[in-house]
Structure formats: structure tokens, C-alpha cells
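**Student:** So you can see what is in the structure, the chains are spelled out below.
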Amino acid sequence: MSAVAQPILRVEDLHIWFDLAGGGELHAVQGVTFELKPGERMGLVGESGCGKTTTILGIMGLLPPSASIAGRIELEGEEILAKGEESIAPHRWNDIAMVFQGAMNAFNPVQRIGDQIAEPMELHGTATGKTAKAQVRELLELVGIAGSRADRYPHEFSGGMRQRAAIALALACQPKVLLADEPTTALDVMVQAQILELLLRLTRDLGLSLILVTHDLPVVAQLCDRAAVMYAGEIVEMGDTQTLYHDPRHPYTRMLFAATPDLLGDDDVLSIPGAPPRLDHEIVGCPFQPRCDSAFEPCPTVHPRRIELGAGREAMCHLNDPTATEAVS
Amino acid sequence: MSTAETLLEVEDLVTRYPVPRGFVGAVRREPKLQVHAVEGVTFKVAPGEMLALVGESGCGKTTTAQSVVRMVENDSGSIRFRGQELSGLGPSDMRPLRKDIQMIYQDPYESLDPRFSVRDTIEEPLLIHGVKMSGDDRETKVREAMERAGLTPPDLYIERYPHELSGGQRQRVAIAASLVLDPKLLVADEPVSMLDVSVRAGILRLLDSLRADGMGILMITHDLSTAAHFADRIAVMYLGRIVEEGPAKEVVRNPQHPYTKALISVVPKRDPRQQTEPQILQGETPNPVHVPAGCRFHPRCPIAEERCKQIDPELHRAEASNTDDHRAACIMV
Amino acid sequence: MSLDQPLQSAEGLELGTTPEDAAGLGSGRRPSFIRQAVITQPQAIVGLAVLGFFVLVALVGPALLSQDPKTKVGPVFGHPSAEWPLGLDGGGANMIPLLIAGARVSLEVGFLAALVAMFIGGSVGLASGFFGGRIDTVLMRFTDYILVIPDIPLMVMAAALFGRSLRNIIIIIGIIYWTSTARLIRAQVLSVRERVYVKRSRSLGAGNNRLIFKHILPQVAPLLIANMVLMVALAIFAETFIAFLGLGDPSAISWGKLIENAFTDHAVLNDAWWAILWPGVCVTLVILACTMVGQSMEDALNPRLRVGHLSVNRFRVRVLPRKPPKP
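Order-wise, the sequence lines are chains W, Z and E. For the first sequence, this note's numbering assigns the number 1 to the initial residue and increments by one for each residue that follows. For the second sequence, this note's numbering assigns the number 1 to the initial residue and increments by one for each residue that follows. For the third sequence, this note's numbering assigns the number 1 to the initial residue and increments by one for each residue that follows.
Any given hint could turn out to be false.
The list that follows gives simulated cross-link-like pairs (lysine-lysine, DSSO-like), each with its CA atoms no further than 30 angstroms apart [claimed, not checked]:
#1 Z/249 / Z/184
#2 E/70 / Z/184
#3 Z/132 / E/214
#4 W/176 / W/37
#5 Z/269 / Z/249
#6 W/176 / Z/141
#7 W/37 / Z/269
#8 Z/261 / Z/309
#9 Z/141 / E/72
#10 E/199 / Z/32
#11 Z/249 / Z/44
#12 E/70 / Z/141
#13 Z/132 / Z/184
#14 Z/184 / Z/99
#15 Z/99 / E/199
#16 Z/132 / E/72
Bear in mind the hints are in silico, worked out from the structure with no lab data behind them.
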């Protein structure tokens, strides 16, 4: 990867709101900014409610009518968000595709797997008839399923194989970016290993760029080069996975690692008291402050800035902000 | 480990499920198939000890737990609780014992009746067992159980309904409901797998403190890391059998059975630098309806030999084990 | 110290439930589906209003009548006028008091018959779903037999055999229409029975009584009520139909009877449309109202049937003013 490679996907200041039934809105994604380079594997990590799934649904333009979105999304330098559905639709599946959470259970039980994988090809006009059939077989082989199984029905596949088929479905129109939402969460650890190995192979052999959304830190540590940690709709820390583990700059990142038991380690496993904040009113100060073990003077009242700590490394925490720490001392 | 009498002793437990043939199958006289969920499992749980039954889906760990609490009838084998044989016991004989053996379920979102308040849920066991108490005494017991389960102050939660509680809180309510009868043995089926990471440790530490107070805990989990940290002993299951068992840290750091070795190699580690070379087994766990002959693991085993197709191994102390009670069911170790 | 507070974030959205669940926080209130139904669907309010009106008329109306509604007050088939806004029937009686009396009878029969159907259907469904096995098979076969019998010939036969009193009519309607309820309730009970909290109670040692009456019935009750409302509509129609065929209680005034009377008195020949139309309109309105209320109740019980998350991509794009960098 050349050092000056253009990012294939650039998200800038992305905001997503949902209208609430009783009036008011839920500010689910609050100013998310990141870049994805070609062939890169990036993890988007966080617990339930942090906005990670909403973020990638926003990138795909798959939001419900109660949603509104703002910000910039650039695909290979081209702005795709400006006109909403109109500008995103042409890129959906052709350039950016997604493996949804629970995709392995979302196959039509009365349609053959091969036909379901061919469907996006036909819808997007990339291939039809015999060509489509041939491409489907190739795709299945690519994800590790025998091509002859294209004529089978979903119930004849095991869970792991259906997840591979879901990945094949996402690759049907040869996208450049793959968004995977909890692709291994419901799978056994051995099958998980197979799927992670598949994703690794796809990014290496096809030059595919990957965003992996998950709550499972060790999975990100194993598969991804970089990761962004999300909390309350914002990215609170971002960097390459090694530095994130060995030198976390945001207390949430550190505490999240501490809450994850390591197979061979001896450290105590900690829990994080409290719960994430409500996102239906504006948050004053740092959103993590009520649960933080290192909160100090500015934290309850001043929202932290995004501090750049080096190439592709940043943290949104006053502890990293020289002006904030100075003011206190 | 406590030297008191063994709390739970399971020996050669066998539980099978019939596979429904359907009308067509019956007419065509297809053979009656069975799911060999549990095929001869033996283990003990002592007071103050946590045993983790670990394995992937289809290994039989959940069925084992259900057999122990008698939600499912076992086909053969013995289940002895404090010396008393449970297997074959009728419902009315079983009833008084149900106070002493409680189960915690995986799904906190489904284990509470949405129409019962927290108080109703925790009080119910007392009402079911007709414990002779006044309403005030029951209220005290309920509050005590809530405090024990970490739902403090009780006033904050006691009137709430499940939809007003988070996943972690619901699980604590379920735990409180099982504590209210002072059980001796707790069977926890994947108690934290549906909870957020930041909440898991709280629940697991609660279970750990119950264990420290003398309760025996049988924990079912697919997560080896959790088992390694919180359990005293681990038993690894595959296709209805225990293939390896021993002290938790020993099994995880010095695995002997090829299946355990493979599992441990593929579990992702927290530290990106410390990822082990994953030994990924081909295919998936075979259907428990058709169990391979000989060693159940031989079709996927990286070190299998010819004789593995004929011999069904017993658990024995492996050569490289560090302790006597670390045993593996493999003829190669 | 490791306590978590109630869910207050966008989790609901990511897991596919509504934002309302995520942001809302009750305070010790039981989840109520009736409130849900009414709040989310205007048709429920309209239906309730119309139904309420007729129920009021049925309850209070007859007490306000100063004389027997069948009293002749004018010419046979008198035209609607200022004095008799809805006209006169074939016996010269004022339509309005007749309709009021008819409301009492029609609604009474409708509700009571629905109650009978509910009771039989609910019990059969509950027993069938809960016990399963042989009991289930026997009860469901029995249900099938009843389902297959054509209702109108049965009603005719029953009327002929047992006499034409209101009480018999109520029983007959109830006996014919319980089957769909039984099926519905059985399906619901089958699914509730498998819920973890029921299994938990059972593993605690709860007896069947406790499981059925404390856990399953409360869960099934909303569906039973919603179904009953729809059943009322059906029962009122059935009563109207029976009366129209001349099989109703000869001494009772119901809307169906009014229509039947109109026909036997040759209203059509006399162009006396008002003798037929008003009772028909009343029946239609009540049935519509019941259907609207019952339907919205059933909708409220099935929130997943609402618009899917990915079905319509019409999200809105906002332009945020460029914020000045934070100080």
C-alpha cells in the first residue's frame, strides 16, 4: 500500500437523527469522521447503542423515513450523500455492499441460493442469464462453497455456509468496499475463525476494503489493521489496533479492553459501571464522563475536542488535550 | 476445594431426542433416527466450585444442563444431588428438590414475564413452594435477594417492569429470583452471552461471589475466555462427550486433546501481537444424529490415525498433563 | 458498584425496535396494548366513538322511551318529516324508538353471543395449546367438525327444534362461531408456552394452574379481547341475518327484525326505503366500528407487522451550517 494512496471511502462529520414518536429526535450518530484506504481492514467497535450499525446503514443509504442525515460521504473522491437516495443508489452494491447482521438467516427459504445471489446482478444490470450463473458459481468457490451447491436451498446449508453465501451475495456486483455488521457473532468459534480467514483472504486477493462492525474487541485485534471505538454516537478513539491495545488514550478504550477476558491472561476482568447516555437530548460535557475513572475538572462541562495524536491516530478526551490539562494544573 | 460432600455427581448420562419422521417417513418405514445429544457424560460439582461446560453448538452442553435440572428426561445414567438419585424421579418427588437446584437462562429479555413486576417475579418462587411466611416476611426475603444480586437500592427497582430494565438488570432479577429459595446448586446457561461486554464482568463476579459463599455452579458457555477466568474447572464437550477436563487454567494453557488445542488456537486474543497461529479445522461439527464410529473427532482430527476409526477413547490423564485431574479422551496423548 | 441504569440510548434502533422504546421510560406501569392501539391508530378512536355512541343508546335509550315503541303514531309507512325524522314503519310506528329498542336487543345478543364464543373458543384453545398431545388432537378434530357444519342450515334447524327465543339465538351463535377463536388462541398459547419465563416457572415447580392463569392467560388475554370485539361484529351480523330470515324471537325488536318486518309489510312496493335503510345503516355502523377497534387492537399486538426498516428509502438529507471550531 503506497503511503500516498487515496482513501477509497471518506466519511466527514456524519450526523444521523431519528424522529421520535412523541416529538423530538434521537441523535444517533454525532459527527463521525474517518477514512478507509484501499485494501484496508478497519474495525468499528462499540457496545449496543453506540451508533456503529446506524453509521454503516447511513453510508449505504438504508435509513428509514424517520431518519435524517447530514455530512459528507466520498467514494473515491466523489460526493455521494448530497442528493440522498438519488446519489447513493447507483453506488449501492456496485461499489459499496453490506453483509447485514443476521444475514445468514435472511435468505428466502423457497428460492435457491444461486438465484438469490444472482438477483443483485440482474437488478444492477451487471450480468444476466448464463453469465450470471457462471459468475455465481465463481463467487461461491471464492467464498469456499462448492459451485455445484448453487442449486440448493438455504435450509440445506449450515450456519457457517449461509454466512459465506451472504458474503458472496454482498460481492455479487464486485464492490470495492464491504461493510460487515457482526458477521461472526452468532457463530461457533471455529466457524468464526473460518469466516475471519475468508475476509482476510478477500481483502488481500481482491483488494477489497473492509469495515467490520462488532462489539468483540479480540476479533478486531485479530483481523483489522485499524479500529475506531464508538461511544454515544461518536468516535472516541481511532488508530491502528496494536497501539490501541498497548497505548489507549481514551479511558473507554482502556476500560473496554479491561472488561474483555483474555484467554491466556491473568488480569482481573472489570465491568464499567453505569450506562450510556440518552441521545434524545444534547449532552453537556464529555458523554463518557459519568462512567469514567479518570474524569477531571473540564469533563462534566466541556465537550472534548478531537485531538490528533499522529498519523491516523486520534482521541476525543481532555486527557490528551494540552490546553485542558494545563488549565487545570 | 471444599471437602464437604459432593453437591452434584453425574455419571454416564445419556440423553437422546427422537428425530420426527413425519408421515411420509413413517409410511416409507424409514429408520427412526435419534439425536445423540448427550452420550455418556460424567462429572462432579462440589460446593464452592464452578465447573464450566464448554463447547460449540451441538456438543450437548445445554442438554446436559437441562437433564441435570430435569427439564428433560435422560435416557440412562445417574444424576445424584447430595447423594439423592434424581434420574427417574417423579414430578412430585422432584418438587421439593427444585428449591435447591436453580437455573439461570441465557436470554434476559425472555426470562422475565413482561406482566410481572420485579417484586412479582422474585416473590413467585416463594409462592410456588408454599413457604409458610407472612407477606411482610416475603417482602423482606425479596429485598434480601435483590441486595444479594446487586439490585441496590431495592426501592429503585422493586416496582419496575422488565421493559424498564436493561439487559444486565434483568439478568440480576432472574438471579435474585433464583436466590430467594437459598439454592445449593446453580446451573447457569450462557448467563452473559447476550449482554454487553461492559456489563458481563458484573454478572460473572456476582456468580463468583455466590460461589465463594459456598454455592456450586455449573456454567454452560461457548466462550473459553470467560470459562478460563471465572471457572475452577473446565470440561470441553464435543458431540455429546467430554473430551477433556481439568483445572481451568491448566486446560487452557496446556491443552492435550487435539480438539481443545484447535479451539484455543482460534480464539482471538485481545493483544494484536499475541495472536496464535490458528489451527482451523475443516468443515463444521457433524450432525449429532450421525455420530462417527470410533473416536467421534477422528474425521476432523489433524493427528488421527487408522486405529482412531475403531477405538472410542476414555478420559485418562494425558502424558503431558501437569496435574492428575487433567484428563483427555485421546489415544494419542 | 457495578450497576447499570436503564436503557437510555439508541440500542432500540440498532436492534430493529422503535425509537419510542429506546427513549421512553415508564415508571412502574404495566405494558398496555390498549393505549398503544388507541394512540397509534386514528381508526381506533373513530371506532370507539361510534361504538360508544351505540352502546350508550342501547343502555340508556329504552329507559327514555315513554311508550311501547311499536305504538302506532301515524299512517302506515309515513314519510320522514319534521315530526318523524326517520319516518314510520309498516305498522305506523316511529322508526326512532324502534331503532333504539333494536339497539338494545341487537347489541345485547351480539355481546352475549360473542362472550359465549369467547368462552368456549378460549377454553378449547387454551387447553389444546397448553396440554398438547392427545388432548390437542381430540380438541382440534372436534373443532374441525364444528367448523365444517354450514352455519345457516344449522341455525335454521336449531331454531326449528329448540324454539325461537333470544336465549337460544345467543347460544346458537356462540356455538357456531367459537372455532376461529379456538384456533387463534391455541396458536398463541403454543408460542407463549415455549417462552423462557414459562419454562423457568415450570422448572421452579409451578403447577399447571399457576402457569395457565398467572402466566399464559394474561399474555393471551389481549388477543382474546381483540378477537372478541371482532366476534361481536360477527355475532350482530348473524343475529340480524337470523332475524331477517324470520327465525328470530318474534317478541323481540332487533334491527334484523325491523328489516324483516319491513319486507313482510311490503315496504319495497310502497317505496318506503326508510323502513329498510335505517336499521341496515345501524347494523353496518356497529359492525364497522367493531371491526375498526378490533383490528387496531390486533395491529397493536403485532408491532413487527409495521413498516420494515429497510423497505422505503426516503430518509432526508440535511445541510448543517458549518460550525465554528470549538474554542
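**Student:** Would you mind marking each hint as holding or not holding in the structure?
**Tutor:** Tested hints:
Simply put, residue 249 of chain Z and residue 184 of chain Z have alpha-carbon atoms about 25 angstroms apart, close enough for the 30 angstroms limit, and the pair holds. Restraint check for residue 70 of chain E and residue 184 of chain Z: not satisfied, since their Cα atoms lie roughly 77 angstroms apart, outside the 30 angstroms limit. Proximity of residue 132 of chain Z to residue 214 of chain E is assessed by CA-CA distance (about 20 angstroms); at most 30 angstroms being required, the pair is judged to hold. A hinted pair counts as satisfied when its Cα atoms are at most 30 angstroms apart, and residue 176 of chain W with residue 37 of chain W qualifies at roughly 11 angstroms.
Only pairs whose Cα atoms come within 30 angstroms are accepted, and residue 269 of chain Z paired with residue 249 of chain Z is accepted, the gap being roughly 16 angstroms. This hinted pair does not check out: residue 176 of chain W and residue 141 of chain Z have alpha carbons roughly 60 angstroms apart, beyond 30 angstroms. Pair hint residue 37 of chain W plus residue 269 of chain Z holds up; C-alpha atoms about 25 angstroms apart against a cutoff of 30 angstroms. Distance hint between residue 261 of chain Z and residue 309 of chain Z is fulfilled; the C-alpha atoms sit about 20 angstroms from each other, no more than 30 angstroms.
Taken as a hint, the residue 141 of chain Z and residue 72 of chain E pair is broken in the structure, with Cα atoms around 73 angstroms apart against an allowance of 30 angstroms. The straight-line distance between the Cα atoms of residue 199 of chain E and residue 32 of chain Z is roughly 28 angstroms, inside the 30 angstroms bound, and the hint therefore holds. With a CA separation close to 18 angstroms, the supplied pair residue 249 of chain Z and residue 44 of chain Z stays within the 30 angstroms bound. The straight-line distance between the Cα atoms of residue 70 of chain E and residue 141 of chain Z is roughly 68 angstroms, outside the 30 angstroms bound, and the hint therefore fails.
Using a Cα cut-off of 30 angstroms, the hinted pair residue 132 of chain Z and residue 184 of chain Z holds, with the two alpha carbons roughly 20 angstroms apart. In summary, the hint linking residue 184 of chain Z to residue 99 of chain Z is supported, as the alpha carbons are separated by about 8 angstroms, within the 30 angstroms threshold. Distance check on the hinted pair: residue 99 of chain Z and residue 199 of chain E sit about 15 angstroms apart at the alpha-carbon level, within 30 angstroms; holds. As the CA atoms of residue 132 of chain Z and residue 72 of chain E are separated by approximately 71 angstroms, the hinted pair breaks the 30 angstroms bound.
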